[in-house]
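Asks: Below are the chains, spelled out letter by letter.
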Amino acid sequence: MTDSEKGAVWMLGVVALTSAAYFVVLALRGDSPVTGKAFALLALMAVPKNSWRYFAGRRFDEREKEIAHKALLMSFRAMWLLVVVSFVFMARVKGMDAALSLPMWKVGEGLCWLGMLSLAVQAATTLVLYRRGSHV
Amino acid sequence: MSNGNATIRNHIRRLRFEHGEMSQDKLGSQAGVTRHTIMALEAGKYFPSLLLAFRIARAFGVGLEQVFEYSEAGDAGFPASSEGESQK
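Top to bottom, those sequences are chains A and B.
Quick note on numbering: the first sequence equals residues -4 to 131 in this note's numbering.
Quick note on numbering: the second sequence equals residues 24 to 111 in this note's numbering.
Hints are computed from structural coordinates only; laboratory data are not their basis.
What you are looking at is a predicted structure, and each value in this text was computed from that prediction instead of being measured.
The beta carbon of each residue, even a glycine, is placed where N, CA and C say it ideally should be.
Where hints are given, some of them may not hold.
[What the hints assert, rightly or not] Under the rule of at most 30 Å between Cα atoms (straight-line distance), these lysine-lysine pairs were calculated in the DSSO-like manner:
| no. | chain 1 | residue 1 | chain 2 | residue 2 |
| --- | --- | --- | --- | --- |
| 1 | A | Lys44 | B | Lys49 |
| 2 | A | Lys89 | B | Lys68 |
| 3 | A | Lys65 | A | Lys44 |
| 4 | A | Lys1 | B | Lys49 |
| 5 | A | Lys89 | A | Lys65 |
| 6 | A | Lys89 | B | Lys49 |
| 7 | A | Lys101 | B | Lys68 |
| 8 | A | Lys65 | A | Lys1 |
| 9 | A | Lys101 | B | Lys49 |
| 10 | A | Lys32 | B | Lys49 |
[As the list claims (entries may be wrong)] Counterexamples of contact, computed for chain A against chain B with all Cβ distances above 12 Å:
| no. | residue |
| --- | --- |
| 11 | Met(-4) |
| 12 | Trp5 |
| 13 | Val19 |
| 14 | Gly25 |
| 15 | Val42 |
| 16 | Phe55 |
| 17 | Asp56 |
| 18 | Ile62 |
| 19 | Leu67 |
| 20 | Leu95 |
| 21 | Trp108 |
| 22 | Gly110 |
| 23 | Tyr125 |
| 24 | Gly128 |
All chains should be modelled from the sequences, with the hints used to inform the complete structure.
Replies: Rendered as structure tokens:
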């Protein structure tokens, strides 16, 4: 297993752990600003040694670069899709003239979920491309 | 390269064997890529860039066409045999 694959597996694990922690806190404390603290677990992303390869001067070869590029592109696509779908859904439910009033912590949580989605898609795409080949 | 009617085969596995069972790691370091990329090439899971293709050929001391082989539907021997078949 390459360093990139190990990093992707770790990333998926952290996303799963963070999601689980979020819902546990949500069940215990209800919908409150406290639930957002679960996203602090995302800091675990910086723990594995291979996450420091960018700074350690290790080079990616051309295949690794190609896969990393495709995975990043896929994560942006997923984020964009979620933004559009969320907007269309809210516009249909609330109407185009509705005004939204949200506490800041809700906005922050929304952004964290968006980031989580992006990380998960990036990691999953990385694993798929390493296994099935980057030309598919 | 990934046209449905075109195939690129490579003979990296055979050439490694002919060069005293050269390891994937050694070939990778000579070509400037990881062992995993050599594995992917041999398994037909990756298209090398022209630069990498030349580096691999140079590592074996042979020409590019002795490592990589391009064929299209209608060519003799198409579809390619299993050995070293890279991409369809």
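Asks: Go through the numbered hints given earlier and state which of them the structure violates, listing their numbers in rising order.
Replies: The structure conflicts with hints 2, 5, 6, 7, 9, 10, 11, 16, 17, 18, 23 and 24, although it agrees with all the remaining ones.
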